[in-house]
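There are 2 protein chains.
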Amino acid sequence: MAPSYIVFFGTFVHHSRANSKALAIQQGALWVSTTDGRIKGTDWTIVTEGDLRALLREKGWVPDTASHYRRGTRVKIVQAREDQNEFFFPGFIDTHMHAPQYPNTGLFGDSTLLDWLKKYTFPMEASFGSPFPNIPSPRAYRVYNQVVSRTLASGTTFASYFATIHVPATNLLATLCQKRGQRALIGRVCMDHSLDPKDTYKDASTEESIEFTKDVISYIQSIDPDGTVVKPIVTPRFALSCTSEAMESLGALAASYDPPLHIQTHIAENKQEIQDVQDLYKQSYAEVYATRGLLTPRTILAHGVHLTSDEHDLIHKQGSSISHCPASNSALGSGICPVRTLLDKGITVGLGTDVSGGYSPSILETVRQACLVSRLVRHLDTGNKSNEDDGDKMVLSVEEALYLATRGGAKSVRMEDDIGGFDIGMFWDAQLIHLGRFSPAQSQDDGESRVDVFGWEDWTEKIHKWVWNGSDRNVKGVWVGGRLVYGRSEVECESRRGWLSWALGAGVVGVGAVFAFRRMKL
Amino acid sequence: MAPSYIVFFGTFVHHSRANSKALAIQQGALWVSTTDGRIKGTDWTIVTEGDLRALLREKGWVPDTASHYRRGTRVKIVQAREDQNEFFFPGFIDTHMHAPQYPNTGLFGDSTLLDWLKKYTFPMEASFGSPFPNIPSPRAYRVYNQVVSRTLASGTTFASYFATIHVPATNLLATLCQKRGQRALIGRVCMDHSLDPKDTYKDASTEESIEFTKDVISYIQSIDPDGTVVKPIVTPRFALSCTSEAMESLGALAASYDPPLHIQTHIAENKQEIQDVQDLYKQSYAEVYATRGLLTPRTILAHGVHLTSDEHDLIHKQGSSISHCPASNSALGSGICPVRTLLDKGITVGLGTDVSGGYSPSILETVRQACLVSRLVRHLDTGNKSNEDDGDKMVLSVEEALYLATRGGAKSVRMEDDIGGFDIGMFWDAQLIHLGRFSPAQSQDDGESRVDVFGWEDWTEKIHKWVWNGSDRNVKGVWVGGRLVYGRSEVECESRRGWLSWALGAGVVGVGAVFAFRRMKL
Numbered sequence: 289m290a291p292s293y294i295v296f297f298g299t300f301v302h303h304s305r306a307n308s309k310a311l312a313i314q315q316g317a318l319w320v321s322t323t324d325g326r327i328k329g330t331d332w333t334i335v336t337e338g339d340l341r342a343l344l345r346e347k348g349w350v351p352d353t354a355s356h357y358r359r360g361t362r363v364k365i366v367q368a369r370e371d372q373n374e375f376f377f378p379g380f381i382d383t384h385m386h387a388p389q390y391p392n393t394g395l396f397g398d399s400t401l402l403d404w405l406k407k408y409t410f411p412m413e414a415s416f417g418s419p420f421p422n423i424p425s426p427r428a429y430r431v432y433n434q435v436v437s438r439t440l441a442s443g444t445t446f447a448s449y450f451a452t453i454h455v456p457a458t459n460l461l462a463t464l465c466q467k468r469g470q471r472a473l474i475g476r477v478c479m480d481h482s483l484d485p486k487d488t489y490k491d492a493s494t495e496e497s498i499e500f501t502k503d504v505i506s507y508i509q510s511i512d513p514d515g516t517v518v519k520p521i522v523t524p525r526f527a528l529s530c531t532s533e534a535m536e537s538l539g540a541l542a543a544s545y546d547p548p549l550h551i552q553t554h555i556a557e558n559k560q561e562i563q564d565v566q567d568l569y570k571q572s573y574a575e576v577y578a579t580r581g582l583l584t585p586r587t588i589l590a591h592g593v594h595l596t597s598d599e600h601d602l603i604h605k606q607g608s609s610i611s612h613c614p615a616s617n618s619a620l621g622s623g624i625c626p627v628r629t630l631l632d633k634g635i636t637v638g639l640g641t642d643v644s645g646g647y648s649p650s651i652l653e654t655v656r657q658a659c660l661v662s663r664l665v666r667h668l669d670t671g672n673k674s675n676e677d678d679g680d681k682m683v684l685s686v687e688e689a690l691y692l693a694t695r696g697g698a699k700s701v702r703m704e705d706d707i708g709g710f711d712i713g714m715f716w717d718a719q720l721i722h723l724g725r726f727s728p729a730q731s732q733d734d735g736e737s738r739v740d741v742f743g744w745e746d747w748t749e750k751i752h753k754w755v756w757n758g759s760d761r762n763v764k765g766v767w768v769g770g771r772l773v774y775g776r777s778e779v780e781c782e783s784r785r786g787w788l789s790w791a792l793g794a795g796v797v798g799v800g801a802v803f804a805f806r807r808m809k810l
Numbered sequence: 289m290a291p292s293y294i295v296f297f298g299t300f301v302h303h304s305r306a307n308s309k310a311l312a313i314q315q316g317a318l319w320v321s322t323t324d325g326r327i328k329g330t331d332w333t334i335v336t337e338g339d340l341r342a343l344l345r346e347k348g349w350v351p352d353t354a355s356h357y358r359r360g361t362r363v364k365i366v367q368a369r370e371d372q373n374e375f376f377f378p379g380f381i382d383t384h385m386h387a388p389q390y391p392n393t394g395l396f397g398d399s400t401l402l403d404w405l406k407k408y409t410f411p412m413e414a415s416f417g418s419p420f421p422n423i424p425s426p427r428a429y430r431v432y433n434q435v436v437s438r439t440l441a442s443g444t445t446f447a448s449y450f451a452t453i454h455v456p457a458t459n460l461l462a463t464l465c466q467k468r469g470q471r472a473l474i475g476r477v478c479m480d481h482s483l484d485p486k487d488t489y490k491d492a493s494t495e496e497s498i499e500f501t502k503d504v505i506s507y508i509q510s511i512d513p514d515g516t517v518v519k520p521i522v523t524p525r526f527a528l529s530c531t532s533e534a535m536e537s538l539g540a541l542a543a544s545y546d547p548p549l550h551i552q553t554h555i556a557e558n559k560q561e562i563q564d565v566q567d568l569y570k571q572s573y574a575e576v577y578a579t580r581g582l583l584t585p586r587t588i589l590a591h592g593v594h595l596t597s598d599e600h601d602l603i604h605k606q607g608s609s610i611s612h613c614p615a616s617n618s619a620l621g622s623g624i625c626p627v628r629t630l631l632d633k634g635i636t637v638g639l640g641t642d643v644s645g646g647y648s649p650s651i652l653e654t655v656r657q658a659c660l661v662s663r664l665v666r667h668l669d670t671g672n673k674s675n676e677d678d679g680d681k682m683v684l685s686v687e688e689a690l691y692l693a694t695r696g697g698a699k700s701v702r703m704e705d706d707i708g709g710f711d712i713g714m715f716w717d718a719q720l721i722h723l724g725r726f727s728p729a730q731s732q733d734d735g736e737s738r739v740d741v742f743g744w745e746d747w748t749e750k751i752h753k754w755v756w757n758g759s760d761r762n763v764k765g766v767w768v769g770g771r772l773v774y775g776r777s778e779v780e781c782e783s784r785r786g787w788l789s790w791a792l793g794a795g796v797v798g799v800g801a802v803f804a805f806r807r808m809k810l
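Protein chains in written order, with our numbering: chain A, 289 to 810; chain B, 289 to 810.
Don't take each hint at face value.
Put simply, identical chains are the same to the list, so a pair is met inside one copy or across any two.
What the hints assert, rightly or not - Once the Cα atoms are required to be at most 20 Å apart in a straight line, the calculated DMTMM-like pairs of lysine to aspartate or glutamate come out as:
| hint | residue 1 | residue 2 |
| --- | --- | --- |
| 1 | K681 | D669 |
| 2 | K559 | D669 |
| 3 | K605 | D503 |
| 4 | K309 | D678 |
| 5 | K328 | D484 |
| 6 | K559 | D331 |
| 7 | K407 | E687 |
Hints are computed from structural coordinates only; laboratory data are not their basis. All values reported here derive from a predicted model rather than from experimental measurement.
Isolated chain A (complex conformation):
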């Protein structure tokens, strides 16, 4: 019989929903139902393994490793080992990523955005098409599988993906996320207009853009009717690559579902782009979207680097959220998004890797970059001198950046009651982080950890060290809705041990056979 609960035991680090400025760090036990994957209870008085055994007795629970003759509800126990500086942390939420661009991470070519789109981005995305209807290109499988693997291994339990214009490849991405258990919003990219008439990578017509979007929506809703793991998201690429009609139709399409569908697009990333939008539409960037039904409480706007104060107000009024993509904004030289200003206005902010404008699929790297660029805001030229004085105020602390990566992202995708923290009733979407014991680097050459905990650090300092020098190397396990979707050490150790036993066993049998055979001949 499968265990009915998983009991997690050790140190838990998250934020309480109301406080983005401090980490809630608790030691104890937390249990998750395997039926619905939600947190059913916690006990912060549990300190020792003895306390844990007492809790199990009291509840009538029996570890699933115990003898089959013991009666009681079977539970699985997962420990974050204090002596190994391990802790549980909520899964990361990536609110903006272009899955098909993953193979281009780290390739920017020469300086300008337009060069980069033409040389790397569009050809890569175009290659996800296939000459056969309903069959994704082989590249789509290889790349999307790697994207889901890499992001899960980096602790990302939820991602909002831009795919390509191709229906079969986009459906494949949805299937992969669903099968492998990564929560995701999956968007077929709509782009029925292009700046350069020679471009071939675009929708053939506005009608096709809408029809293909509907096809993807119905496929995703057919494989996950409740939307527990994957949901569709309406995805006009951005104002310059969609016709006004397409944007209007997509806004209406999203609104026609119950509940309305999520929407994602780009906004105010680059100064030239903003000027082009203004020239074309004679409206501010936010107004272009608002007047076409695209600014909703379920809309994620990527970047928002150079929004005006009026646009901030409009976005706040409409309840849309911003996906802050600092790694991308620096790598493409777009600028620095003034996150503090957005937060002060009451706008919801999440973090996005924006692969491959961003060079890394890791939200931990994005957290680091969010902290770094926030410390440079004071030096920006914004036409007034207030930045210098407000410099300290603009700084995002490690705690705040981690909040954006979890609770902030959850609110951006309207799942703030379900994910982003360890409140009772929420899904267990979590990662087990392993920093390891201090050991001299020369002996620690298995590449396990680059975070050196010397032993005198408190938990807050350990978390800071993780943020600044941690990576996917420190991710030991990842769960979505209580299901283990990535597990490094456990899986690895077991399979190695298995292989070694097998080799030794085979050796013994082989040698025995030889001996027996030789004796017989004598």
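Once you've looked at the hints, dock chain B against the given chain A.
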């Protein structure tokens, strides 16, 4: 007999000395004398292993793995495997690092520089003192050993270290570098003045500052008389923590040696600090140092974020170099050093991790940050509008940042004829980088690589991918002067294989013994 040459075979990536804007990527063989650790020859016509065997025959060389009966000069062969996307790259040069602050990496506390120095930096440095004369504190050994390990494992073959004010601990750092084979400049920190009279971590007097510095210099020159691996560097902390007399005496001290000693200090990191220097000395920051004999062709100035144009000219005239520390400058909110402006003025620029103002001991991370911040220069407030227009010009390419990390650093420490590239006659200070073959991430869960090479990338693109997502995980071997000072996979594989053979062997013998014993009884 030890081999007389090491023959390196595969892909070599470096810069020619005159061209910082392009990588020189060559396939072939390169050989290094084990006597002096210098590159003796290259042959770029060697493509296959057959070509390599022909070269060996022609030279009368025999691989050290060959039968002992074969005659000829024994050579060791080290291959960068093309199918594993491996290549040789010059060792990194870190021109600014505070070794004792390493345990604080990632700990910044609250916002301001002063808080950070008081809460983390000074207490940590003070703890390297010991109540016993001539005996370093136990912490000094533990931390310095880890620093040398981590930096070697990150490919740093040369580092210019700030130590603490303590003579025994500083001598220990020199000994560790010398024994473990990391080239280093070792500086006992001089600070005979403090802003806060309550500070206890400082030199007792100006005389003590000079005397203790001399002690360290003579110790280092005694353990490495030629200065091949370790050399002393005169280290006034910065203008505000030294008296004018101390700075003058230290300038004179450095000049009194033949050749004159290297000098390192900080300059123009933070706007408030610059104002304080101006208020105290009624001179520009660079003039303070110049007029006290500290601006020499062997001087490394850390940061130089906010230098004036006049100061640029003065530094250029004096032939001093700047250590650009972008990770630190962002993390502490100091600003962005306009590296392009420095280079255009003809100033030599190297890269520094500035641990623990910088959060990472890795120069590769510093390369990445140098690229990123250079793309934000266009958005800075510098009192004029030229940045915006010159934005593209200010961008450092991946190639240029790698040049600063190797050739630029070499010139900063006046070793441009010896290290930083693969020219004939130079020391073999190099790293073997392993990107690995593409494999789906789920099976690649040993944390080996985060750089996904899909197979269609050319070498330039592979190098770019390494810079953006690589880490110490990709460093397979590191050599200094032809000596292997860090080797991950080789060492690891051999020891594992050894252990496995031993286990299997023991199993066979054991089982054999049991069988023989049972037969005897029968």
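I want to check one pair: K559 and D669. Are their C-alpha atoms no more than 20 Å apart within a copy, between two copies, both, or neither? both (13 Å within a copy, 16 Å between copies)
- Query: How would you label the pair K681, D669 (within, between, both, or neither) given a Cα cut-off of 20 Å?
  - Reply: Both ways: K681 and D669 sit 17 Å apart in one copy and 18 Å across, limit 20 Å.
query: Is it within, between, both, or neither for K605 and D503, if the alpha carbons may be no more than 20 Å apart?
result: neither (32 Å within a copy, 68 Å between copies)
* When no copy is specified for K309 and D678, does a C-alpha distance of 20 Å or less occur within a copy, between copies, both, or neither? -> within (18 Å within a copy, 38 Å between copies)
If the cut is 20 Å between Cα atoms, do K407 and E687 qualify within a copy, between copies, both or neither?
between (38 Å within a copy, 19 Å between copies)
Q. With identical chains treated as interchangeable, where does the CA-CA distance between K328 and D484 reach 20 Å or less: within a copy, between copies, both, or neither?
A. Result: close neither inside a copy nor across copies, 55 Å intra and 54 Å inter.
For the identical chains here, do K559 and D331 meet the 20 Å Cα criterion within one copy, between copies, both, or neither?
neither (52 Å within a copy, 50 Å between copies)
The structure fails to meet hints 3, 5, 6 from the earlier list, while all remaining hints are met.
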